[in-house]
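Which chain is which? The protein sequence lines are A and B, in order.
At the far end of the first sequence sits residue 352, using the numbering used here, and the numbering has no gaps.
At the far end of the second sequence sits residue 337, using the numbering used here, and the numbering has no gaps.
FYI, nobody ran anything at the bench for these hints, they're computed from the structure.
This structure is a prediction, so every number in the text was calculated from the model and none was measured.
Glycine included, C-beta positions come from ideal geometry on N, C-alpha and C.
If the Cβ cut is set under 7 Å, some of the chain A residues that face chain B in the computed set are: (1) ILE26; (2) GLY92; (3) GLN93; (4) PHE135; (5) ILE344; (6) ASN345.
Quick partial rundown of chain B residues pointing at chain A, CB under 7 Å, derived from the structure: (7) ASP178; (8) ILE241; (9) ASN242; (10) ALA262; (11) TYR264.
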Amino acid sequence: MADIKIYLTSLEPDMEQTIYSQSIGGHISNSLLYPETTLSDTVALYDASLYLNTPSSGSWSEWQGVEYINIGQEVIKVNPITNGSIKVVQRGYNGIVNMHLVGDVVRAVSASKIFNDIFNEDRKQYRCIALKNTSSVHNPSDIKFSIRTSIYVSQSSLNSDSSIKIAVEMPKSRYLQNTSTKWSSSYLKDSTLAGQYADNHFKDAYLKIVGGSYDGQGRLISSYDGSTGTFVFYSSMPSTYNYTTNVSYEVLPAPAQRIKSGLVSPSATSSFVTPFYVTSKNSPISLKVGGNSGILYPNDICYLWIEREIVKGASSFDSNFITINLSYNTTG
Amino acid sequence: MFRTDLKLMLKFDTTSLYEGVSNTYLTVYGSDTEPEILARGSGYVMKNDQYLSGSGIADTGYPLGISNSFTMGLWLYPVNIGLVTNEITGDAESIIMPVLSVVDNNSNVVFKIEEHTLENNKNALDFSLGSSYSALTEEYDAEQWHHFWIVYDGSSVLIYIDGKLSSIQEDGSIPASVGGAVCDVFINHSIAGYDYNIAKNTGYLDDIFILNTANSTTSNIQRVINQGIDYFVNSTLDEIEEDGYALYFNDPSTITVTSSIDDMSYIYIGLNNGKIMRGSPLMWETRRNFSDQRETGFLGLTSDLNVSNGFISLVDDIIRL
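Isolated chain A, as found in the complex (with noise of 0.2 Å):
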């Protein structure tokens, strides 16, 4: 299976994003959707004990107060979580009761995060999430591509007086690994990539020095030269850096638009974008966007809007779901 994780977005690059209402376009950040670790045991179908490892921060504290965790298809109520022994509460909270393998990755899920009860006058409001092969580059037996990616909303809300859609938006420019042939405070080059991409093809996108002294150090391109493999930077790293030495550096997929607040629907003009639709199993939305081939490279991510509108008149209650499917194909 591609490792394909869900993170929020932000503004900036490279940060964490810690107000889920904040996640509506930009850059990929470095929170995760919901927290995660993976099973140690298998659990059948009427199991009512789940043992989980250690999540990879070493910590249970980003699970305090969690009241519900999502394996697959299943969302499962549990007892307060300490520790990886976990005692349930009601299996298939969703109406899905499913098998899971020692592995499977388990998802803290908390309410009241990514969505909140602020709408716009339409009764409408906007989130983006970010999708990502992180399956690593570094490691070639860990390769994976998913392939004829598509995305639908499997199981939509229960309450009818909600509905969702959703659309994708796919980064104007893709993931980028290689070494520098020369660079500078304002500018790092790679004559490898002359005559390969288009002028300004990754403006806008992020840059990161990967390895060796400046490892993690990274600024927003403002330009690229596409005749000689030019990257341009909106600002100047530290003048003190030694320059004399290329370093190997990455570019993270450009970012999605980020609209001002939630309850602005973003553009769909542009070809990287799709309307919102209402989706099923049978009428998924594909990754083919935008010229792409609809396949997701270990880096690569692909932006997920999803619009959510209640009726008029509606006021609040408690526990809600609905659950976004990935299907594809894998090769690795």
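Position chain B relative to chain A; hints supplied.
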């Protein structure tokens, strides 16, 4: 993935009792010759006065081809009819109910599956190979669907219940091979005849398949349980991965219940705004304060439950507050 290994597939989606590999139909025997299928094709209803035969499967050139390995799976909704007293010993004994048997063209049992009814509304599955080996599984609860995945590889037997490997009580030695090139398949038919503690099965069956190779890959078991058996015959489903992300949120509603109905698969609740909510009768719950006796009247609740400030839950076809 197993397309070439698949030798039998019964989905019980319709009363035609269509066998998907040989493209034949099972024959219904007994005094009741009308098969009964649960709503939405979710299972075959076994009956006291009826059994099914798949003898045509062998005759049409699609033998099961079982020799020294096979894999089979099925969904079973068990019934428990308690114990019976052995009139000779006076002991309470299990009642044995047939589920499925495969017999070669010399009427020898290749393998068979029976259920033993136990105390406390629990059953156990009894799997036999040839005439010399049987394995009894762990107990499982009656009156809820269970999935069974049985693997024989010529030297060992594995039985998975609901996706987890069951411990088994084995009796006799495992045969190195079993004859099954040409086979008849029987459902709810006791090959050995009837004794005082043998009764027909009245549970439900669904999605039976038989492969003539051994396969205990847990990801395959998971796929069959979670996604069904269509991908045995649909090549486009072979490599498709499905991953679901639940987005949980508080949702608006001004529910006033005006009607309710169930059709075994879903429960529908009519609302005062003219819309209809649909919930699974297996498990579904929403928070909702109820204080209007007219609403609870539509929900068919008993008088002592007519007013509640808690949840409305739909559990096992019953609406509960």
